[in-house]
Amino acid sequence: MIPDELFFLYRDLAPALIRGAAVSVRLILPSAVLGFACGVLAGSCRVYGFSLLRWAAEAYVAVFRGFPLLVQLYIWYFGMPRLGLYLTPYEAAVLGFTLCSGAYHSEYIRGALLSIKRGQILAAQAIGMSRLQTLRHIILPQAVRRALPGCGNEWIYLIKYSSLAYMVTCIELTGEGKIVASSTFKYTEVFAAVGFVYLLFVTLATWILKGLEKRLTLPGFEFHRV
Amino acid sequence: METILQVREIRKRYGNKEIVKGVSLSVRRGEIKVLIGPSGAGKSTLLQMINFLVFPDDGDVFLEGRRIDPGRKRELCAYRQQVGMIFQEFNLFDHLTALGNVEIGLVRVKKMDKKAARLRAMAELERVGLGDHAGKYPAELSGGQKQRVSIARALALDPKVMLLDEPTSALDPELIGEVHAVIRELGASGMTMIMATHQISFARALAHEMIFMEDGRIVEQGPPDIILDEARCARTREFCAKIGELGGRP
Amino acid sequence: MDFIPVLKEGLPYVFKGTWVTLVVVAGALAVGLSIGLPLAVGTVYGPRWLRRLIDLYVWFFRGVPLLVLLFLFYFGIFPFLGLDLSAFVVAVIVLGCISGAYQSQILRGAILSVPEGQMKAARAVGMSDLQAIGLIILPQALRLAIPGWSNEYAILLKDSAVTYALGVAEIMARAHHVASRTYQHLPIYISAGVLFMGLTYVGTRLLAVLHKKVRIKGYA
Ligand SMILES: Nc1ncnc2c1ncn2[C@@H]1O[C@H](COP(=O)(O)OP(=O)(O)O)[C@@H](O)[C@H]1O
Ligand SMILES: [Mg+2]
Chain A
1 MIPDELFFLY
11 RDLAPALIRG
21 AAVSVRLILP
31 SAVLGFACGV
41 LAGSCRVYGF
51 SLLRWAAEAY
61 VAVFRGFPLL
71 VQLYIWYFGM
81 PRLGLYLTPY
91 EAAVLGFTLC
101 SGAYHSEYIR
111 GALLSIKRGQ
121 ILAAQAIGMS
131 RLQTLRHIIL
141 PQAVRRALPG
151 CGNEWIYLIK
161 YSSLAYMVTC
171 IELTGEGKIV
181 ASSTFKYTEV
191 FAAVGFVYLL
201 FVTLATWILK
211 GLEKRLTLPG
221 FEFHRV
Chain B
1 METILQVREI
11 RKRYGNKEIV
21 KGVSLSVRRG
31 EIKVLIGPSG
41 AGKSTLLQMI
51 NFLVFPDDGD
61 VFLEGRRIDP
71 GRKRELCAYR
81 QQVGMIFQEF
91 NLFDHLTALG
101 NVEIGLVRVK
111 KMDKKAARLR
121 AMAELERVGL
131 GDHAGKYPAE
141 LSGGQKQRVS
151 IARALALDPK
161 VMLLDEPTSA
171 LDPELIGEVH
181 AVIRELGASG
191 MTMIMATHQI
201 SFARALAHEM
211 IFMEDGRIVE
221 QGPPDIILDE
231 ARCARTREFC
241 AKIGELGGRP
Chain C
1 MDFIPVLKEG
11 LPYVFKGTWV
21 TLVVVAGALA
31 VGLSIGLPLA
41 VGTVYGPRWL
51 RRLIDLYVWF
61 FRGVPLLVLL
71 FLFYFGIFPF
81 LGLDLSAFVV
91 AVIVLGCISG
101 AYQSQILRGA
111 ILSVPEGQMK
121 AARAVGMSDL
131 QAIGLIILPQ
141 ALRLAIPGWS
151 NEYAILLKDS
161 AVTYALGVAE
171 IMARAHHVAS
181 RTYQHLPIYI
191 SAGVLFMGLT
201 YVGTRLLAVL
211 HKKVRIKGYA
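These protein sequences, in sequence, are chains A, B and C.
First residue of the first sequence? That's 1 in my numbering, and the numbers climb one at a time after it.
First residue of the second sequence? That's 1 in my numbering, and the numbers climb one at a time after it.
First residue of the third sequence? That's 1 in my numbering, and the numbers climb one at a time after it.
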């Protein structure tokens, strides 16, 4: 009995999980970086953009926060070929994750930019800083600190939502699990193991973010993570 | 003495309301001018226009006889370094320590060497009596200490003129004295200043000239004793009497 | 424009999924509240061991993806326990358990933002701790939690689309059904997305009205 279980673990489950986890990481990392960049762009446009740009950014955020992520993924994967855009499952997933999380990131970026008091910018100008210097030395260091808790949560959501890539046939951790489970009928064991790997990822990411927040924390810029 | 800063026919409107209606003044080197007037008179707008934190709609500013062209970014930044600004709300950079606040202009704007900047910044902090608080963040300082840091920040850039916009209005009464002491010393050292304030007795002791502003215009100006005690204009007298009652008299 | 007739025929079928979606969401919100409320009270007022236990629950349900939990419970745990539950019921339970973890956090924040003097005053008039929590703290905290719920509703609504993976006949499942029959994926999924947006809007508006209705005068 026990050797059997071990054999299953050794021969079927472990390799599948490792393979799947590798794909998941390859989904999560680029989406996290690109999504954040997207959010910075959209958030800046919403705060500082001229009217047309601001309007476009607001519309982007409304739609990509309003549509369920699954619907967005289906649009990229099943819908776009109609317009001549053929994406692989992997590409569709990364595109979907990036644009969706970008919309959420932009909320935090926007809030952070708005929370910077006008006096900070005035004072920077008053000592002769250029616009670029003000952005680089005054606005960004403050905005990053204000946005970090929200964006951090968003990255953690991304880890979990990356499992939806399976729905557009990108075989990552969840997909590998589903395949092993369906062929061995060990659903409980397999999905418990898959869940455990996600928990590991999420916990690790939480630690890293906590460490980062600790390093960036200053009096007056304390982090409140829920 | 020669004129160091001159403002000529400067105007500002927001929407269809004219906030500053053609104000001119000139300040000589070492002179201290105090702006008084009711809230909403346009004092802050005027001071902020002098170093183009608010862009005037019309009018010119001259520093040492040279007209400042705010359209030329580099020239504008260089000009602003020579005109120190003290805000009512301090506006310390919240993510930097007291020392960092004083240093950043030296390092980033004046491109001074880091070590030299640190020494200079420390010296400025000590000059305002905050040598022991260099490592503290704004959130850890009292209002009076914040305002003194902001004065040190401006002084570090060797300004030729200082503009002070109600430097003690946001402070608790018991903290006003320490900031006044620093400003008084600054005056004694020969710094040219334009200051808006409601602290009449302080202003009387410090100012060479007092300017009464109301509704975007200069109503009356002259030596403090004249303006405060024997003003020609009824509005000036009324205003001075009112704030005199509030404990402005020595 | 060849998709217009298809939409005319297919969309009513998709839109009928609204009821299924809304029942799933309402059920999950209710399950979530009945889990989240005791958990929140437990984390604020409970003993240390209870707080640890609740932390563990929250950590688990906030850390594992919805899709994995759906598979785990529908194919694994419930059959293993001998329970033959429909996909719909499993969807409500799983979404409810996840929402319970999030709602416990929302309510915890709300309880903590009730001023401390309230508890003191309740004790001062002779209430037991339980009475103070039930009669004084929670009525204030639940009001404060409404914006959080509004957010939770929007999240659950969008997450409910994932229950399509188990075959629950909600909006997304129906959209996929029509789309793969007619090959009009793009217009149909966009319509489904717009429908979700509309439902989010209506629901959050209603909660905002509720928030205003139960507002205590002069209370932030
Ligand atoms: N950015 C602005 N937009 C519109 N009105 C303004 C703005 N800044 C100042 N004002 C108006 O200009 C008037 C003068 O303001 P201010 O210069 O701050 O006066 P003071 O400093 O003398 O109290 C006030 O009525 C104020 O409401
Ligand atoms: Mg003012």
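If you are wondering where the hints come from, they were derived from the structure by calculation, not from laboratory data.
These numbers come from a predicted model, not from an experiment.
Think of the CB as a built atom: it goes at the ideal place given N, C-alpha and C, for glycine as much as any other residue.
The reader is advised that the hints may include incorrect statements.
Negatives, chain A to chain B, calculated, CB over 12 Å [claimed, not checked]:
1) A62
2) N153
3) S183
No more than 16 Å apart at the CA atoms, straight line, and that leaves these computed lysine to aspartate or glutamate pairs for EDC-like [to be verified]:
4) B:K136 - A:E222
5) B:K110 - B:E75
6) B:K17 - B:E238
7) A:K117 - B:D215
8) B:K160 - B:E18
9) B:K21 - B:E75
Pulled a few chain A residues facing chain C out of the computed Cβ check, cut under 7 Å [what the hints assert, rightly or not]:
10) V71
11) R82
12) G84
13) Y86
14) Y157
15) T169
16) I171
17) F191
18) A193
19) L212
20) K214
Tested hints:
Non-interface call for A62 of chain A relative to chain B: holds, since the shortest CB-CB distance, roughly 30 Å, exceeds 12 Å. The claim that N153 of chain A lies off the interface holds: its Cβ sits roughly 22 Å from the closest Cβ of chain B, which is beyond the 12 Å cut-off. Every CB of chain B is more than 12 Å from the CB of S183 of chain A (nearest about 55 Å), matching its label as outside the interface. Distance hint between K136 of chain B and E222 of chain A is fulfilled; the C-alpha atoms sit about 15 Å from each other, no more than 16 Å.
In summary, the hint linking K110 of chain B to E75 of chain B is supported, as the alpha carbons are separated by about 13 Å, within the 16 Å threshold. Of the supplied pair hints, the one linking K17 of chain B and E238 of chain B is violated, its CA atoms being roughly 25 Å apart against a limit of 16 Å. Under the criterion of a C-alpha separation no larger than 16 Å, the hint pairing K117 of chain A with D215 of chain B is inconsistent with the structure, at around 27 Å. For the given pair, K160 of chain B sits about 30 Å from E18 of chain B by alpha-carbon distance, which is inconsistent with the 16 Å threshold.
Our distance criterion of 16 Å between C-alpha atoms is broken by K21 of chain B and E75 of chain B, whose separation comes to about 26 Å. With 7 Å as the threshold, the beta carbon of V71 of chain A comes within range of chain C, its nearest partner Cβ sitting at about 5 Å, so the hint holds. Against a cut-off of 7 Å between C-beta atoms, the interface hint on R82 of chain A holds, since the closest Cβ of chain C lies about 5 Å away. Residue-level restraint check for G84 of chain A is violated (minimum Cβ-Cβ distance to chain C is 11 Å; threshold 7 Å).
At about 13 Å, the closest approach between the beta carbon of Y86 of chain A and any beta carbon in chain C exceeds 7 Å, and the interface hint on this residue is violated. A cut of 7 Å between beta carbons decides the hint on Y157 of chain A: the least distance to chain C is about 10 Å, and the hint is violated. At its closest, the beta carbon of T169 of chain A sits 13 Å from a beta carbon of chain C; the interface hint therefore is violated under the 7 Å criterion. With a least beta-carbon distance of about 13 Å to chain C, the hint placing I171 of chain A at the interface is violated under the 7 Å criterion.
Interface hint at F191 of chain A: satisfied, since its Cβ lies 4 Å from the closest Cβ of chain C, which is below the 7 Å cut-off. Interface hint at A193 of chain A: violated, since its Cβ lies 10 Å from the closest Cβ of chain C, which is beyond the 7 Å cut-off. Proximity of L212 of chain A to chain C is violated relative to the hint, the smallest CB-CB distance being about 19 Å (cut-off 7 Å). The beta carbon of K214 of chain A is not positioned within 7 Å of any beta carbon in chain C (closest approach about 20 Å), and the interface hint is therefore violated.
Of the numbered hints stated above, those contradicted by the structure are hints 6, 7, 8, 9, 12, 13, 14, 15, 16, 18, 19, 20, listed in ascending order.
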